[in-house]
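K.L.:
Here's the letter readout for the chains.
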Amino acid sequence: MLTLSLRTPALVLITLLFSGCALFSSHYDATRHQNFTSLKAMHMKLLDDWTKGSGKTWSHQKVDNYCESGDLRFREALAYAESGDADDQTASQAVTILWERFTSNCEFLLSRDKPFSKVFIGELRPEIEQNYDYAISGELARVKD
Amino acid sequence: MSELNELINDTSDAAKSALKSELIDLIYSAKSESADVIRETAEKIEKWTTMKLRGEIDAEELKELIESRRGTVQQFLNTQEINLRARLEKVSIGLMDLITEKALGVIV
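Chains as they are written, first to last, in numbering that gives the first Met the number 0: chain H, 0 to 144; chain G, 0 to 107.
To be clear, the hints were calculated from the coordinates, so they are not data collected in a lab.
Among the clues, some could well be false.
Claimed, not checked - Think about it this way: if two alpha-carbon atoms lie no more than 25 Å apart in a straight line, the pair counts; the simulated PhoX-like pairs of lysine-lysine are: (1) H/Lys-113 / G/Lys-89; (2) G/Lys-89 / H/Lys-143; (3) H/Lys-39 / G/Lys-89; (4) G/Lys-89 / H/Lys-117.
Said to hold, decoys possible - Partner residues aside, some chain G positions facing chain H, computed with beta carbon under 10 Å: (5) Asp-24; (6) Ile-37; (7) Arg-38; (8) Ala-41; (9) Arg-68; (10) Gln-74; (11) Leu-83; (12) Arg-86; (13) Leu-87; (14) Ser-91.
Since the structure is predicted, the reported quantities are computational estimates derived from the model, not experimental observations.
Yeah, the Cβ is synthetic: ideal placement off N, Cα and C, and Gly gets one too.
Model the full assembly from the supplied sequences, consistent with the hints where possible.
P.N.:
Written out as structure tokens, the structure reads:
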């Protein structure tokens, strides 16, 4: 009788657990959170340093080197995100979206071979910042262990 | 057995109610946030197009801004998905705790 009595709640629990496996997202990860804030600072520095009036003398080589170094950091962040992101890929997707923006901004700078204009960066900078802020708020919204 | 069944049925009603309430809340907040992002996107595209027409930015800059906005909206949607999954997990765990407590209360 006891075995029979346990069957119903056990069935409910198992059903919930199995349905949960498909629905749930990876949990909060402090390193992933730190990666987002660190990538944000690195990306913002690119925009700030290479805008007209920043005091820096334009150097194609320096921008290229910075972009190469940034590319490696995104590569590392993506590899880390993928390592704990088997269920839903939302963490790696967040990094990928940011990486695409960084690459695009780098290519834009290098193809024009001159710093960003102040008017343009006045529009672009808040957009990039908001993108990172969404990624960070997504990480913070995850279930904490 | 019948006592346990009653408790399970009660739990099921409470569970459904909690889940429904959480989902309705989520849908309303998601709709509101999505509406804000859509409105903001429309305002920005209009502003940037006007800036291009005035010669304040060129065609390449306009394209880069629009692509950046596309990325921001993609990130917003990804974050919405994370929010949804996290809330569903919280609700499901709450329900499992509830069921476990009730079941143990009868069995032990």
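K.L.:
So, for every hint listed, does it hold in this structure?
P.N.:
Here is what the structure says about each hint:
no.	hint	result
1	H/Lys-113 / G/Lys-89	violated (50 Å)
2	G/Lys-89 / H/Lys-143	holds (10 Å)
3	H/Lys-39 / G/Lys-89	violated (29 Å)
4	G/Lys-89 / H/Lys-117	violated (45 Å)
5	Asp-24	violated (14 Å)
6	Ile-37	violated (14 Å)
7	Arg-38	violated (14 Å)
8	Ala-41	violated (14 Å)
9	Arg-68	holds (6 Å)
10	Gln-74	holds (4 Å)
11	Leu-83	holds (9 Å)
12	Arg-86	holds (8 Å)
13	Leu-87	holds (5 Å)
14	Ser-91	holds (5 Å)
Hints 1, 3, 4, 5, 6, 7, 8, counting from the list given before, are not met by this structure.
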